[in-house]
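Novice: Residues per chain are reported as follows:
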Amino acid sequence: MMWLLDALLVITMLGLAAGALLSRQTSRSVALFIAFGLVVSLAWARLAAPDVALAEAAIGAGLTGALLLSSLAERGEPLAPPAAVTRFSLWMLPSLMVAGLLMGWAFAAALAGRGAQTALHGHIEQHMPDSGVDHPVTAVLLNFRAYDTLLELAVLLTAALAIMALGPARQGHSARSTVLRGLASWLLPALMVTGVYLLWVGAKAPGGAFQAGAVLAAAGILLRLTGVRGAGLPSGRRLNWILAAGVAVFVLAGIAMMGIGRGFLDYSPALAKALIVAIETTAMVSIAAALIVAFLGGRPSAGSDTSLSRSHAP
Amino acid sequence: MTDWMASALIGAGVAFFIAGSAGLLRFPDTLSRLHALTKADNVGLGLICAGLAVWQASLFEATKLLFIWLAMLAASATGSHLLARTVVEEPEGHGDSP
Amino acid sequence: MIPALLYGFTGIALFLAGAAGVVWISATLRRVVAANIMGVGVFLVLIATAYRGPHTPADPLPHALVLTGIVVAVSATALALALHRWLSREAADE
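Residue numbers (the working numbering), protein chains in the order written: chain A, 1 to 314; chain B, 1001 to 1098; chain C, 2001 to 2094.
FYI, nobody ran anything at the bench for these hints, they're computed from the structure. Don't take each hint at face value.
Here chain A is said to cover these stretches of chain C; the calculated rule only asks that three of the stretch's residues, wherever they fall, bring their Cβ under 8 Å from a Cβ of chain A [unchecked claim]:
(1) 2017-2025
(2) 2072-2082
Label-pair restraints from in silico Cβ distances [stated by the list, open to error]:
(3) Leu-1066(B) to Leu-69(A): 46 to 52 Å
(4) Gly-113(A) to Glu-2090(C): 45 to 51 Å
(5) Ala-1057(B) to Ala-2091(C): 57 to 63 Å
(6) Val-201(A) to Trp-2086(C): 48 to 54 Å
Taking beta-carbon pairs under 8 Å as the criterion, some of the chain A residues facing chain B (in silico) [unchecked claim]:
(7) Ala-175
(8) Ser-177
(9) Val-179
(10) Leu-183
(11) Leu-188
Nothing here was measured: the structure is a model prediction, and the numbers come from that model. Every residue, glycine too, gets a C-beta built ideally from N, C-alpha and C.
Chain A on its own, in the form it takes in the complex (with noise of 0.2 Å):
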């Protein structure tokens, strides 16, 4: 009987999509798209992927629709959108079919040769124990594929560093709502809780630093709508260090291990753990400042918006 669900989650999910690239009305796409990524993450949860259903619900739908809202807003859509189909080259379609044959022909060969694939998973199973953490997940990502890891914190770090570069954070729109701060005053320490909660139990369930990190960046854009400008996070040098922290401590942590005579980011099975936690602490809180400076756009200014009434960006 799952295979219904699968087969409704697979047509909502193509419907979604398809109606938002299909949409000459920009609002109407970035909706389909926030509503799209919650469905993908139905299917990540039957495809028995907890971790990364958390972090697509945050990241990919939630935070990525936030950015897209908060565009949106600020420039104003023309009323007239120019043609969606432009460019029409006749030459993209035997791409497309190409590419196509190419990722099924892929996707085939992997699902083939799943033999192989198991022998990885069981070196994966093997060295669990060794790893500081219970959760094979997390054992990837911090400790068998730490590289990996660092690599996607400093290209965080990159992105957030050039849209601080650009300008100035957006000049937005906060609702001086009583309701909206009603909400927050409750919902602004029962996030930060499961912020952290969720980074702690990654240990051993899903969750993990970017969950934790996502959670506390929405909590960050809560803080920014009910109108305190920086959102929370520091002006000046210190953000500069706070989006430095998870880099920095994990390079920092990769040379130690050296210095005691194992390879880069080689930890010894005694200090994983402790390593490990205060990597992923260090990476929540620089992933969190790093998100929320995306979504203010640009570099965040001190104060608040009660100065001003509700205005739009010139």
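Starting from the known structure of chain A, arrange chains B and C on it as the hints suggest.
Specialist: Chains B and C in isolation, oriented as in the chain A frame:
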């Protein structure tokens, strides 16, 4: 027995969601759509959470579902309040047809 | 293994649809949406290859890769939107 109760509650919840979506599609303007969506979806979610709570192994898990419903109530109430305020205070519209 | 096949081919379809969108849509925000849909398609294919059935834990390596991918996708989206805003400001100032 619990299966029947859970299925009935979840079925009722789905019916409320369908009613809310029908309201979204059929009502003429934003405020009435907000009204239909918020009320029907909240009740629907409450019934679905109740149905899932019946299946849970312990009271702790069931209380978690209750908190999910309460958080969703607060969030959707705030969200629809903000939307309604925008609609009421800027009635010239936003250039998008609903 | 039916779910893996189903979601994998859906992923390929989404990737192609997103690619077509990136090429043929000229409005920037919708193009960014199309690029994100491409990304989701790739993630679906990866996680479908990691699926091992309802009673076996899935292979964690593609999960970690996709987690990385989601964060990189949001970084790229944020930078794209910031660049778009900067370009609009530059164009408006002329």
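Novice: Are there hints from earlier that the structure breaks, and if so, what are their numbers?
Specialist: Of the numbered hints, 3, 6, 11 do not hold.
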